[in-house]
Amino acid sequence: VCCSDFSEDEIENHPNAALLPKDCGDIDGSRIFGGRIAKLYEFPWMALISYYTREGLQFQCAGSVINTRYILTAAHCVVPKKKIAGVRIGEFDVCCSDFSEDEIENHPNAALLPKDCGDIDGSRIFGGRIAKLYEFPWMALISYYTREGLQFQCAGSVINTRYILTAAHCVVPKKKIAGVRIGEFDVFSKNDCQGDPYNAICESNLQDILVDKVTIHPEYQGEPPVQYDIALIRLQSPIDFSFKNAAPICLPVPRKLRSIEVGGRNATVAGWGSTEAGPDSPLLLKVDVPIRTGEACRKYYNKNSGPGTDKTDKTLCAGEYKKDSCSGDSGGPMMIEEEYEGVFRMIQYGIVSYGPRQCGSTYPGVYTDVTKFVKWILDNIKA
Numbered sequence: 307v308c309c310s311d312f313s314e315d316e317i318e319n320h321p322n323a324a325l326l327p328k329d330c331g332d333i334d335g336s337r338i339f340g341g342r343i344a345k346l347y348e349f350p351w352m353a354l355i356s357y358y359t360r361e362g363l364q365f366q367c368a369g370s371v372i373n374t375r376y377i378l379t380a381a382h383c384v385v386p387k388k389k390i391a392g393v394r395i396g397e398f399d400v401c402c403s404d405f406s407e408d409e410i411e412n413h414p415n416a417a418l419l420p421k422d423c424g425d426i427d428g429s430r431i432f433g434g435r436i437a438k439l440y441e442f443p444w445m446a447l448i449s450y451y452t453r454e455g456l457q458f459q460c461a462g463s464v465i466n467t468r469y470i471l472t473a474a475h476c477v478v479p480k481k482k483i484a485g486v487r488i489g490e491f492d493v494f495s496k497n498d499c500q501g502d503p504y505n506a507i508c509e510s511n512l513q514d515i516l517v518d519k520v521t522i523h524p525e526y527q528g529e530p531p532v533q534y535d536i537a538l539i540r541l542q543s544p545i546d547f548s549f550k551n552a553a554p555i556c557l558p559v560p561r562k563l564r565s566i567e568v569g570g571r572n573a574t575v576a577g578w579g580s581t582e583a584g585p586d587s588p589l590l591l592k593v594d595v596p597i598r599t600g601e602a603c604r605k606y607y608n609k610n611s612g613p614g615t616d617k618t619d620k621t622l623c624a625g626e627y628k629k630d631s632c633s634g635d636s637g638g639p640m641m642i643e644e645e646y647e648g649v650f651r652m653i654q655y656g657i658v659s660y661g662p663r664q665c666g667s668t669y670p671g672v673y674t675d676v677t678k679f680v681k682w683i684l685d686n687i688k689a
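Residue numbers for the sequence shown follow this note's numbering, so the first one is 307 and each next one is one higher.
Keep in mind the hints are simulated off the structure, nothing from the lab. A few of these clues could be false.
Unchecked claim - No more than 25 Å apart at the CA atoms, straight line, and that leaves these computed lysine to aspartate or glutamate pairs for DMTMM-like:
(1) Lys562 / Glu601
(2) Lys328 / Glu348
(3) Lys550 / Asp502
(4) Lys438 / Glu645
(5) Lys562 / Asp425
(6) Lys438 / Asp422
What the hints assert, rightly or not - Each pair of labels, with its calculated beta carbon distance range:
(7) Ala689 / Ile390: 29 to 39 Å
(8) His382 / Pro544: 46 to 56 Å
(9) Val385 / Ile317: 19 to 29 Å
Glycine included, every Cβ here is placed at the ideal spot set by N, Cα and C.
Sequences are here, hints too, so could you generate the full structure?
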């Protein structure tokens, strides 16, 4: 009686026993014990259970694959009070992606993001220097109605012919958006030129487009520690990409790009923000900023709730003394050169969010981590 509640006939001959495959539990290579990292294909039956939480989707329990339709797990992992989002099969390194390849790379709206994006034009100059005329054709300027008239106060990035990616704090309801300008280089000049007078390259085309709709991430609150500082602007009419100063930047849609560890690498930030000399720059500027690791971020910001605090954090921090994004750069892109569709292109990894009152101080600036929001972006764009 102690050994079994069921006879061999009741279990081995159970009518549903055939639903459990016989070619199961394959041993792949030697096994590693004592809390060591498993081999990549060693335990292919492992399942991760994701849940809806206040901090977003989180993995909190595991299970095991027993056939093509069933996962075996603990009852306390699936009690009614737990809001199960789904199950992930095939995971190995949880830190590298919040969503499966199917959910992002095969998203029905992924085709709305052009593949011929992020073209790199010429060599780049770092440290707050002037950008080249056609270097960042995806830069957008957001204009606002103010008491002093129309003013540009935030930036954004062109991701396709109808959408601008920017920071949520740039488009909150209290801000009266007038429109978006594409193709700007020198705010004070109608005809932008670079080079010597006898061999200058000039561009006069600007596209000022009205706003159709603003979509702010529903979890954005705007109070420290600022998270979810991301928004989309849909334009009333499409951007004309036939002009050289208008083109989209690439987003890290492929899983490979979302899995890259960017901490410790250099990125480029462009904008018309404040400079060492004082007020906002009329010329488009760029600066090379080192991306800090989460541990480095915690040294500068609130150790309990600031950037880089834990795996639910959705920000990056970057910058060093005299190399930072500033007021007026908000909403603009932080970019890294990576291979995309077989060509090295500019990929947007961050959105300028906030930073120290004195930009260019030893404190790094904080950026929304775009890799954490690719699915949200795809969910909220349309043709």
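Legend entry - Range hint 19 to 29 Å (beta carbons of Val385 and Ile317) holds or violated: Check passed, 27 Å falls within 19 to 29 Å.
Inset, instruction - Check the following: the C-beta atoms of His382 and Pro544 are separated by a distance inside 46 to 56 Å. - result: Given about 52 Å between the Cβ atoms, the range holds.
Legend entry - Given hint Asp425 paired with Lys562 - CA-CA distance at most 25 Å: holds (19 Å)
Legend entry - Proposed proximity, Asp422 with Lys438 (alpha carbon, max 25 Å): The given pair, whose Cα atoms are some 20 Å apart, holds under the 25 Å limit.
Inset, instruction - Given the hint that Lys550 pairs with Asp502, test it: the Cα-Cα distance must not exceed 25 Å. - result: holds (20 Å)
Legend entry - 25 Å Cα cutoff - pair Lys328, Glu348: holds (18 Å)
Inset, instruction - For the pair supplied as a hint, Lys438 and Glu645, confirm whether the alpha-carbon distance does not exceed 25 Å. - result: Given pair Lys438, Glu645 holds - Cα atoms ~22 Å apart, limit 25 Å.
Inset, instruction - Hint says 29 to 39 Å; check whether the CB-CB distance for Ala689 and Ile390 agrees. - result: holds (32 Å)
Inset, instruction - Measure nothing beyond the straight line between the CA atoms of Lys562 and Glu601; if it is 25 Å or shorter, mark the hint as holding. - result: Between Lys562 and Glu601 the Cα gap is close to 24 Å, so the pair holds against 25 Å.
No hint from the list above goes unmet by this structure.
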